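> The residues making up each chain are set out below.
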Amino acid sequence: MSSAHDEASKKVPAWLLERAAQGELAASQVDELKARLAAQGRSLEIELAALAASSQQIHSQVDKDRTLAEIRRRAARPAETPSHRRSLNLFIAPLALAGSLGIGLLMLRPGHGGAPSHQGAPIVQAQPTGSEPAEYVGWKGDKPLPSPRLWVYRQRTVANQEQPERLSDGARAARGDLLQLAYAAGRDGRYGVLLSIDGAGRVTQHLPEPGASVAATLRSSNEIHLPTAYELDDAPGFERFVLITSTQPFPVASALDAARSLARQGSSARTAPLPLSSDFHQTSVLLQKTSKGTP
Amino acid sequence: MVLRRCRALLRNDAKAQDAMQDVFVALLRHQDRLQDEAPAALLLRVATNVCLNRMRTERRRPEDADDEKLLQIAGTSDGESDGRTLARDLLAKLFRTDDPLAASTQTIAVMHLVDGMTLEEVAREAGLSVSGVRKRLRTARARLTQLEGAVPT
Chain A
888 MSSAHDEASK KVPAWLLERA AQGELAASQV DELKARLAAQ GRSLEIELAA
938 LAASSQQIHS QVDKDRTLAE IRRRAARPAE TPSHRRSLNL FIAPLALAGS
988 LGIGLLMLRP GHGGAPSHQG APIVQAQPTG SEPAEYVGWK GDKPLPSPRL
1038 WVYRQRTVAN QEQPERLSDG ARAARGDLLQ LAYAAGRDGR YGVLLSIDGA
1088 GRVTQHLPEP GASVAATLRS SNEIHLPTAY ELDDAPGFER FVLITSTQPF
1138 PVASALDAAR SLARQGSSAR TAPLPLSSDF HQTSVLLQKT SKGTP
Chain B
758 MVLRRCRALL RNDAKAQDAM QDVFVALLRH QDRLQDEAPA ALLLRVATNV
808 CLNRMRTERR RPEDADDEKL LQIAGTSDGE SDGRTLARDL LAKLFRTDDP
858 LAASTQTIAV MHLVDGMTLE EVAREAGLSV SGVRKRLRTA RARLTQLEGA
908 VPT
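Line by line, the protein sequences give chains A and B.
The first sequence maps to residues 888 to 1182 in the numbering used here.
The second sequence maps to residues 758 to 910 in the numbering used here.
There may be inaccurate statements among the hints.
Calculated pairs, DSSO-like style, for lysine-lysine (alpha carbon to alpha carbon, straight line, at most 30 Å) [as the list claims (entries may be wrong)]:
| hint | chain 1 | residue 1 | chain 2 | residue 2 |
| --- | --- | --- | --- | --- |
| 1 | A | K898 | B | K892 |
| 2 | A | K921 | B | K892 |
| 3 | B | K892 | A | K951 |
| 4 | B | K772 | A | K898 |
| 5 | A | K921 | A | K951 |
FRET-style restraints, in silico, Cβ to Cβ [claimed, not checked]:
| hint | chain 1 | residue 1 | chain 2 | residue 2 | range |
| --- | --- | --- | --- | --- | --- |
| 6 | B | N769 | A | A922 | 29 to 39 Å |
| 7 | B | V887 | A | Q1050 | 53 to 63 Å |
| 8 | A | V1101 | B | S886 | 38 to 48 Å |
| 9 | B | V887 | A | A940 | 29 to 39 Å |
| 10 | A | D952 | B | E877 | 38 to 48 Å |
| 11 | A | S1154 | B | D770 | 53 to 63 Å |
| 12 | A | Q948 | B | S888 | 39 to 49 Å |
Covered stretches of chain B, as calculated for chain A (at least 3 residues, CB under 8 Å) [claimed, not checked]:
| hint | stretch |
| --- | --- |
| 13 | 876-883 |
| 14 | 887-894 |
Calculated from the structure, these hints are not laboratory results.
Since the structure is predicted, the reported quantities are computational estimates derived from the model, not experimental observations.
In this text, a Cβ means the ideal position worked out from N, Cα and C, and glycines have one as well.
Can you build the whole structure from these sequences, using the hints too?
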């Protein structure tokens, strides 16, 4: 093995070249890599150009939409999800790489659009999204709504096909239900925070991404699906989703603090508005938790 | 990058594309444990683990010396189901854990024995000391030797 290892150690590691292409290597590492390549009569610039060309070729070969759909399908497969609360938020930092990932996975990231995580959704059409904060899915024939709206979809399997079911305010839901949230900002809801309060007094932030300090910039389009599947846990009583919007940017913390304050008030959290000023518009969808499966 | 890594390890485009999808599925499922630093390195580690697990499951015949080494490395965790191994590897070795020393010995072995990275480079990538990498490689080599002795190649 030692001779094979000696042979292998003469290689220039593709691993490091890939990291160099992403700008992740320290200057000293880049220098080492250059020296190693130079010893073989090669140059880092040429190697990086070759990687870029390879990425371009992969982009042209891989069916991006189909690949993304398959990733979402596998990620949202209920049989493989844990029973506790789980967010399948599709924004993760590692996906925010340059196009050299091999496929256009930036499409997974909020702000870069893509299809909803559930499969088989009717007449949904992804639209060009530019740098918008969430995925836009327009319903044909819809017109812009005057005020912010919030929808909750549940993934259901009918005849072995996954289909989204729009839940009404007060609908019954159960632990394990896989939900997807959607909103319409309306003409006045330029900035927003989407969160939920459950019967255990917990507050969960759905939009913007956890860690963001300022409310998300909302599209004024009709219906925007968050690139998220959200699995209900066993919190008792209810899960209430609340969309807080404003015409002005506002701190996420103000919405979360208000939600936590309301969550401490027990059953009032089912229906009462968050303690926020009239500058904010609030809309919510309440799900009544049941101990059994969905009806 | 991920697809290139999977292609290099699996030597089969269809399988590489399938593995690539599993890489991102794994990332999506465990995103709450991801660290933001060095995403390319993370993707490469996850891709390596996913491919090793697939090779272990498929037990395919080696096509060249590197393949043989990969298969041997993949065999160092035999006896576990693909899913269990993947979950354990990803959670225990690649993401934040209570045991930060539990870096992937298999991935380290691939980096050094297959990718040709120096001990220092592996140490940097794995967040270990050079002596820590040496120790893990000794463990991997011992296992490989054991496999070589048990399974004629």
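> Each hint needs a verdict: does it hold in this structure or not?
These are the hints, each one checked on the structure:
1. A/K898 x B/K892: It holds: about 23 Å lies between the C-alpha atoms, which stays within 30 Å.
2. A/K921 x B/K892: holds (28 Å)
3. B/K892 x A/K951: Not OK: B/K892 and A/K951 at ~42 Å, beyond 30 Å, violated.
4. B/K772 x A/K898: Roughly 25 Å between the alpha carbons, so the hint for B/K772 and A/K898 holds.
5. A/K921 x A/K951: Not satisfied, since the Cα-Cα distance of roughly 33 Å exceeds 30 Å.
6. B/N769 x A/A922: 29 to 39 Å: holds (34 Å)
7. B/V887 x A/Q1050: 53 to 63 Å: Roughly 55 Å apart at Cβ, these two residues keep to the hinted range, so it holds.
8. A/V1101 x B/S886: 38 to 48 Å: Because 41 Å falls inside the window, the suggested range holds.
9. B/V887 x A/A940: 29 to 39 Å: Holds, since B/V887 and A/A940 (Cβ atoms, about 35 Å apart) stay within the stated range.
10. A/D952 x B/E877: 38 to 48 Å: Distance hint for A/D952, B/E877 holds at roughly 42 Å.
11. A/S1154 x B/D770: 53 to 63 Å: Check passed, 57 Å falls within 53 to 63 Å.
12. A/Q948 x B/S888: 39 to 49 Å: Roughly 43 Å apart at Cβ, these two residues keep to the hinted range, so it holds.
13. 876-883: holds (count 3)
14. 887-894: Not satisfied, violated; 0 residues make the cut.
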